[in-house]
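*Asks:* First to last, the protein sequences are chains A and B.
At position 27 of the first sequence (counting the first as 1) the number is 27 in our numbering, and the numbers step up by one without a gap.
At position 98 of the second sequence (counting the first as 1) the number is 1098 in our numbering, and the numbers step up by one without a gap.
Since the hints were derived computationally from the structure, they do not count as laboratory data.
Keep in mind the model is a prediction, meaning the values are calculated, not measured.
Be aware that a few hints might be false.
[Claimed, not checked] Taking lysine to aspartate or glutamate and the DMTMM-like style, the derived pairs with C-alpha atoms no more than 25 Å apart in a straight line are:
1) B/Lys-1106 to A/Glu-85
2) B/Lys-1101 to A/Asp-63
3) B/Lys-1101 to A/Glu-14
4) A/Lys-11 to A/Glu-68
[What the hints assert, rightly or not] For the chain A half of the interface with chain B, some residues (derived, Cβ under 7 Å), not all of them:
5) Pro-8
6) Asn-10
7) Leu-39
8) Gly-42
9) Phe-106
10) Gly-107
11) Pro-108
12) Gly-109
[To be verified] Sample of chain A residues with no beta-carbon within 10 Å of chain B, all distances over it, derived:
13) Val-12
14) Glu-20
15) Asp-24
16) Gln-41
17) Leu-43
18) Asn-52
19) Ser-53
20) Thr-76
21) Gln-84
22) Thr-103
23) Gln-104
Where is the CB? At the ideal position from N, CA and C, for every residue including glycine.
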Amino acid sequence: GAGVSQSPSNKVTEKGKDVELRCDPISGHTALYWYRQSLGQGLEFLIYFQGNSAPDKSGLPSDRFSAERTGGSVSTLTIQRTQQEDSAVYLCASSSRGGEGETQYFGPGTRLLVL
Amino acid sequence: AQSVTQLGSHVSVSEGALVLLRCNYSSSVPPYLFWYVQYPNQGLQLLLKYTTGATLVKGINGFEAEFKKSETSFHLTKPSAHMSDAAEYFCAVSAMNRDDKIIFGKGTRLHILP
C-alpha cells in the first residue's frame, strides 16, 4: 500500500478482555516495529520484526503482550487480560530493510482505552 | 546504550519568531539522529535525519538541525514559525553498527501564538 495502515483506529475494551491490533506495513518493507505512546512518555519501543522473525522483543512490558508477523507482511499485536495501564496509542512503523539509519514510516496508530 | 533528552515538554513561540527545540543525546558509538513530527491524531513523520557527512541537515517545512558532537546536541530550528508548525516533535537516536532500534525522546509540544 501507499503507507502504513493500522486497525482499528480506536478500541475501547473492558479490563480483563483480550485485544488484537493490526498493522499493514508498506509493501516490500521487511522491517516492522511496534511502539507504545503514553501521555507525556514519548514512544516506548515494544518489538521489532525482520521478516517474520523478531530479533528484538526486549520492549514487551509483560507476558500479556505478544506479537506475530506472517508472510513478511501483516503484523498483529495481542494484549491479553488488558489492564487500565495498557491504555495508550499503539504505533506501528516499517522500514525498507531495517538497516542503519533507515527512516521508519509510521502508521496513524490505534488508540486503546481500557475501562 | 543510547538515550535522548528533550529540554522542555512544551515550547511556545509567536508566529514569525524563531523556533528552537533542544535535543541532547548520549551514545557510546557514532549516532544516527532524527527529528520526527506528529500532528494531532496522526502518526509520526520524518522531518530530517543525520547519518554521516554534513553536520547541518535541512528537512521539510523549512526546519533544519545541526549535529554538534562536542555538545552531544541535535537542536531543531526554523527561522520563522508558522501556525501550521503546531505539533509534537520527537528527537531520536540510533547507533551505527547495530540493529536500527531507535530510541525516542519524550517529545516537545510546540505551540504557536498568533
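*Asks:* Each hint: holds or not?
*Replies:* Hint-by-hint comparison with the structure:
Our distance criterion of 25 Å between C-alpha atoms is met by B/Lys-1106 and A/Glu-85, whose separation comes to about 18 Å. Using a Cα cut-off of 25 Å, the hinted pair B/Lys-1101 and A/Asp-63 holds, with the two alpha carbons roughly 21 Å apart. Our distance criterion of 25 Å between C-alpha atoms is broken by B/Lys-1101 and A/Glu-14, whose separation comes to about 32 Å. With a C-alpha separation of about 20 Å, the suggested pair A/Lys-11 and A/Glu-68 falls inside the 25 Å cut-off, and the hint holds.
Annotation: A/Pro-8 was flagged as interfacial toward chain B, and the flag is violated, the nearest CB pair being 14 Å apart, outside 7 Å. Restraint check, A/Asn-10 versus chain B: the minimum CB separation of about 10 Å is more than 7 Å; hint violated. Taken as an interface hint, A/Leu-39 does not check out: its beta carbon lies about 10 Å from the nearest beta carbon of chain B, beyond 7 Å. The criterion of a C-beta within 7 Å of any C-beta in chain B is met by A/Gly-42, whose closest approach is roughly 4 Å, and the hint holds.
The restraint placing A/Phe-106 at the interface with chain B holds, with a minimum CB-CB distance near 4 Å, inside the 7 Å limit. The restraint placing A/Gly-107 at the interface with chain B holds, with a minimum CB-CB distance near 5 Å, inside the 7 Å limit. Among the interface hints, the one on A/Pro-108 holds; its C-beta lies about 5 Å from the nearest C-beta in chain B, closer than the 7 Å criterion. Because the beta carbon of A/Gly-109 sits about 6 Å from the nearest beta carbon in chain B, less than 7 Å, this interface hint is met.
Consistency note on A/Val-12: stated as away from chain B, and its beta-carbon is indeed over 10 Å from all of that chain's, at 16 Å minimum. Listed as a non-interface residue, A/Glu-20 keeps its Cβ farther than 10 Å from every Cβ of chain B; the least gap is roughly 19 Å. With a cut of 10 Å on Cβ distances, A/Asp-24 stays outside the contact zone with chain B, its closest approach being about 13 Å. The Cβ of A/Gln-41 does not lie farther than 10 Å from every Cβ of chain B; its closest approach is about 6 Å, which violates its non-interface assignment.
A cut-off of 10 Å between C-beta atoms contradicts the statement that A/Leu-43 is not in contact with chain B; the least separation is 4 Å. Taking the minimum C-beta to C-beta distance to chain B, about 16 Å, the non-interface status of A/Asn-52 holds against the 10 Å cut. The non-interface label for A/Ser-53 is consistent with chain B: the shortest C-beta to C-beta separation is roughly 12 Å, beyond 10 Å. At roughly 18 Å, the least C-beta separation between A/Thr-76 and chain B is larger than 10 Å, which holds for a residue marked as non-interface.
Remark: the non-interface label on A/Gln-84 is consistent with the geometry, its nearest Cβ contact in chain B lying 21 Å away (cut-off 10 Å). At roughly 5 Å from the closest C-beta of chain B, the C-beta of A/Thr-103 falls inside 10 Å, breaking its exclusion from the interface. At roughly 7 Å, the least C-beta separation between A/Gln-104 and chain B is not larger than 10 Å, which violates its mark as non-interface.
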